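Each chain, letter by letter, is given below.
There are 4 protein chains.
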Amino acid sequence: MEDNCSNKICGDKKKLIARANRVEGQIRGIKRMIEEDAYCDDVLNQISSAKAALDGIAKVILENHLRKCVVSGIKNNEENKVIDELIYTLGKMMK
Amino acid sequence: MEDNCSNKICGDKKKLIARANRVEGQIRGIKRMIEEDAYCDDVLNQISSAKAALDGIAKVILENHLRKCVVSGIKNNEENKVIDELIYTLGKMMK
Amino acid sequence: MEDNCSNKICGDKKKLIARANRVEGQIRGIKRMIEEDAYCDDVLNQISSAKAALDGIAKVILENHLRKCVVSGIKNNEENKVIDELIYTLGKMMK
Amino acid sequence: MEDNCSNKICGDKKKLIARANRVEGQIRGIKRMIEEDAYCDDVLNQISSAKAALDGIAKVILENHLRKCVVSGIKNNEENKVIDELIYTLGKMMK
Numbered sequence: 001m002e003d004n005c006s007n008k009i010c011g012d013k014k015k016l017i018a019r020a021n022r023v024e025g026q027i028r029g030i031k032r033m034i035e036e037d038a039y040c041d042d043v044l045n046q047i048s049s050a051k052a053a054l055d056g057i058a059k060v061i062l063e064n065h066l067r068k069c070v071v072s073g074i075k076n077n078e079e080n081k082v083i084d085e086l087i088y089t090l091g092k093m094m095k
Numbered sequence: 001m002e003d004n005c006s007n008k009i010c011g012d013k014k015k016l017i018a019r020a021n022r023v024e025g026q027i028r029g030i031k032r033m034i035e036e037d038a039y040c041d042d043v044l045n046q047i048s049s050a051k052a053a054l055d056g057i058a059k060v061i062l063e064n065h066l067r068k069c070v071v072s073g074i075k076n077n078e079e080n081k082v083i084d085e086l087i088y089t090l091g092k093m094m095k
Numbered sequence: 001m002e003d004n005c006s007n008k009i010c011g012d013k014k015k016l017i018a019r020a021n022r023v024e025g026q027i028r029g030i031k032r033m034i035e036e037d038a039y040c041d042d043v044l045n046q047i048s049s050a051k052a053a054l055d056g057i058a059k060v061i062l063e064n065h066l067r068k069c070v071v072s073g074i075k076n077n078e079e080n081k082v083i084d085e086l087i088y089t090l091g092k093m094m095k
Numbered sequence: 001m002e003d004n005c006s007n008k009i010c011g012d013k014k015k016l017i018a019r020a021n022r023v024e025g026q027i028r029g030i031k032r033m034i035e036e037d038a039y040c041d042d043v044l045n046q047i048s049s050a051k052a053a054l055d056g057i058a059k060v061i062l063e064n065h066l067r068k069c070v071v072s073g074i075k076n077n078e079e080n081k082v083i084d085e086l087i088y089t090l091g092k093m094m095k
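Chains as they are written, first to last, in full-length UniProt numbering: chain H, 1 to 95; chain F, 1 to 95; chain G, 1 to 95; chain Y, 1 to 95.
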């Protein structure tokens with residue numbers, strides 16, 4: 001049985017940080033656009049792109065979380081804790 | 001009639017930059033969580049919070065954009081351009 | 001200038017009703033699946049499809065509404081009313 | 001261990017059907033609004049309400065599915081099948 005993954009992030013850490021770095025760059029770009037009076041539509045489209053990039057990161061983490069933590073948690077009879085957390089997390093993701 | 005707002009961002013620039021700064025801090029927090037092997041659910045919830053904060057910024061810009069640029073553009077008979085852009089922008093926001 | 005469209009639906013009425021009929025059929029299909037104890041994932045996927053179909057209808061109506069009612073309303077100096085309504089509507093669509 | 005729930009819907013069947021009936025009524029209301037040339041904003045808001053009602057039904061089914069089928073499937077060593085399906089379903093729900 002796999003280890004409970006509560007003490008390591010789910011997913012390829014290096015790639016996830018590289019993706020988060022790109023989002024950070026996008027946010028800085030958005031700040032610069034606001035400062036330099038960019039056209040509203042362009043700022044809004046950049047915000048949509050940053051959100052889509054965050055969704056991409058979340059999707060990777062969620063998929064790994066399901067395959068690792070959730071499976072091992074349930075096999076270790078911690079289903080109540082694991083599923084309660086998952087429902088809370090999915091609720092926030094779907095809002 | 002109001003000026004066409006294509007050369008100034010729609011909304012209180014100072015407040016918008018302050019909000020974008022907070023999002024930038026959230027993204028750095030997410031990177032740190034990934035580096036330090038935070039629990040997946042906690043990272044996912046932080047990503048949802050950053051997305052909600054970006055939505056808040058977009059909502060302010062969109063509302064001001066509608067009240068200013070869209071109204072003045074249409075009054076200046078640029079409705080085709082203004083509405084085409086708006087439909088594209090809303091399409092990205094709703095995806 | 002176009003007429004204010006407050007007394008006719010924005011979009012091809014016949015096509016919109018045909019699409020709404022298909023959604024009604026999807027909802028009846030979902031009810032049947034629930035009654036016949038279909039597998040949860042299949043029911044959830046049908047619900048997602050019905051939501052996507054509703055989004056498709058909403059997109060057509062919104063686009064036509066922007067091109068017709070919103071433009072004519074603003075040209076008739078009713079921008080406050082028209083934009084207030086639009087912001088409320090978009091707020092509900094984006095929730 | 002609970003039974004694998006693949007042969008019964010997750011959730012209180014009677015209540016779920018009652019909720020689906022209400023959505024069906026909403027869709028018929030939307031068709032009537034389109035036929036009677038209701039104001040676009042009103043139709044769009046009704047569509048948003050129907051989507052929210054479908055989300056409510058999906059949320060109940062998903063929560064029960066996680067607590068029952070997913071848990072029992074994993075305990076029965078069918079994690080690959082169960083998690084693959086779940087990822088597909090969540091992907092459609094989050095689109």
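One or more of the hints may lead you astray.
The list cannot tell twin chains apart, which means a pair is met if one copy fits it or any two copies do.
Said to hold, decoys possible - Capping the alpha-carbon separation at 20 Å, the derived lysine-lysine pairs in PhoX-like fashion look like this:
#1 92 <-> 14
#2 59 <-> 95
#3 81 <-> 31
#4 59 <-> 75
#5 14 <-> 81
#6 81 <-> 68
#7 31 <-> 13
#8 95 <-> 68
#9 31 <-> 14
#10 75 <-> 95
#11 68 <-> 14
#12 75 <-> 15
Note that these hints are calculated values from the structure, not bench results. Note that the structure is predicted; figures quoted are calculated from it, not measured.
> What are the numbers of the hints the structure violates, in ascending order?
Replying inline: Result: hints 1, 3, 4, 5, 8, 10 and 12 break, sorted rising.
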